[in-house]
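Colleague: Heads up: the sequence lines are chains A and B, in that order. Numbered per our numbering, the first sequence spans residues 292 to 518. Numbered per our numbering, the second sequence spans residues 292 to 518.
Rather than coming from a laboratory, the hints here were simulated on the basis of the structure. Glycine is no exception: its CB is placed at the ideal position from the N, C-alpha and C atoms. Some clues are possibly wrong.
Here are the computed distance ranges between Cβ atoms for each label pair [claimed, not checked]:
# : chain 1 : residue 1 : chain 2 : residue 2 : range
1 : B       : GLU338    : A       : GLY312    : 28 to 34 Å
2 : B       : LEU445    : A       : ARG328    : 57 to 63 Å
3 : A       : ASP503    : B       : GLU305    : 20 to 26 Å
4 : A       : GLY312    : B       : LEU445    : 50 to 56 Å
5 : A       : PRO403    : B       : GLN327    : 17 to 23 Å
6 : A       : ARG441    : B       : LEU364    : 37 to 43 Å
There are 2 protein chains.
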Amino acid sequence: MERHFDVSLRELKEQLVGMAGLVERAIECATLGLVQRDRALMTQVHEIEKKINEAHIAVDDSCVKLLALQQPLAADLRLIVATIKINTDLERMGDQAVNIAGNATRYISAEPLKPLVDLPRMFEEVRVMVRETIDSFVRTDAQLAREVLRRDDLVDGLKNKIFRDVLEHVKINAGDIEQGLNLILIARNLERIGDHATNIAEDVIFAISGEDIRHSARIETIKQALT
Amino acid sequence: MERHFDVSLRELKEQLVGMAGLVERAIECATLGLVQRDRALMTQVHEIEKKINEAHIAVDDSCVKLLALQQPLAADLRLIVATIKINTDLERMGDQAVNIAGNATRYISAEPLKPLVDLPRMFEEVRVMVRETIDSFVRTDAQLAREVLRRDDLVDGLKNKIFRDVLEHVKINAGDIEQGLNLILIARNLERIGDHATNIAEDVIFAISGEDIRHSARIETIKQALT
């Protein structure tokens with residue numbers, strides 16, 4: 292028989308997964324809005340973000356109630372603490388989707404900058420990262436969470452390439468500077484979403500194994516960035 | 292007589308304040324490093340960040356232990372949950388200080404872009420925000436935390452002004468595009484530090500009063516950004 296507490300934990304996970312679905316949808320609308328030059332999709336991002344914010348408060352509220360009423364220990368406690376953190380990262384992914392929508396709205400108000408450099412590929416990589424992060428949480432799959440960490444390097448590499456390509460372009464097309472900057476900022480927003488996915492993956496690993504791998508992984512990333 | 296638990300909470304607060312001191316120092320080194328064109332200060336940022344990361348893990352660890360061993364309720368529980376979140380934001384401020392140091396290192400490797408636009412003023416505003424945020428936590432001063440929220444608008448305004456000024460400059464000095472982008476990214480990093488300070492201020496208000504003001508304040512900010 293399922294413990295009453297297990298039911299509560301399952302409900303908490305479902306709440307968080309529902310929120311993650313909204314975040315995925317917000318990112319998708321913002322990026323499709325840019326590619327398809329569709330303002331209606333940008334408006335949708337703001338609508339979805341309101342729901343994300345409501346979910347953010349509701350998830351935190353559930354966590355505090357579970358901590359107060361159930362006084363959980365060990366793995367249950369780690370799961371709730373991880374949920375508090377994952378909740379924060381999901382909400383900030385939503386903020387980044389709003390930022391993308393803002394930069395994309397400015398971008399599509401003017402002439403496009405020939406092809407959208409590697410942005411569509413970066414969208415795709417980030418989308419997979421977000422999806423895998425949520426899956427790793429739902430299936431308590433630490434291995435999948437570790438794959439997310441690896442994928443983040445790819446996303447960072449794409450961002451650097453977009454920066455370089457845009458800079459090369461605007462150096463010889465000074466009139467495109469504002470449009471180039473919009474694309475650079477969108478690449479930066481996507482990179483931040485990847486960072487949040489990485490944070491979530493680290494929290495999933497902590498929740499599952501009790502292992503705090505955060506700065507061991509990060510120090511490696513920093514080292515790579517410096518070489 | 293002080294409860295044993297009060298001693299533990301006081302120690303937790305001291306731990307967090309110590310970490311906040313490191314974060315302030317990292318931001319200061321990164322920004323001074325840019326203004327004084329001093330690479331040694333940039334190296335120091337990386338050294339301090341290692342200590343921030345250690346503190347990050349230690350604070351989280353203390354929170355989980357306190358939750359498990361003391362099973363706190365009401366205000367005590369809120370304080371610990373708020374500390375978990377504040378800890379995350381402080382650590383990410385440290386990441387932003389590293390990002391500033393990275394962009395600043397690139398910037399000082401080439402010719403400066405005449406004056407550093409309004410960056411020094413933005414440094415100062417962000418520095419005050421960070422300081423006031425920590426003070427509001429230490430003194431459990433919700434009023435001061437609310438002032439931090441207001442100051443964030445000023446920081447966002449400065450970032451927008453820097454974006455505009457740099458764009459105007461590089462439009463007629465196309466050779467300065469890379470340097471201009473470095474300054475824009477630094478302004479963005481500072482804005483993010485301001486956002487983290489805002490998040491902390493919201494958590495301080497929650498810890499003190501149990502009032503979750505997060506999205507009421509944020510919706511206003513978004514509305515303002517759209518006007």
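Colleague: Look at each hint and say if it fits the structure.
Modeller: To see whether the hints hold, each was checked on the structure:
1. B:GLU338 - A:GLY312: 28 to 34 Å: Violated, since GLU338 (chain B) and GLY312 (chain A) (Cβ atoms, about 42 Å apart) do not stay within the stated range.
2. B:LEU445 - A:ARG328: 57 to 63 Å: violated (34 Å)
3. A:ASP503 - B:GLU305: 20 to 26 Å: holds (21 Å)
4. A:GLY312 - B:LEU445: 50 to 56 Å: violated (36 Å)
5. A:PRO403 - B:GLN327: 17 to 23 Å: violated (41 Å)
6. A:ARG441 - B:LEU364: 37 to 43 Å: About 41 Å separates the Cβ atoms of ARG441 (chain A) and LEU364 (chain B), which means 37 to 43 Å holds.
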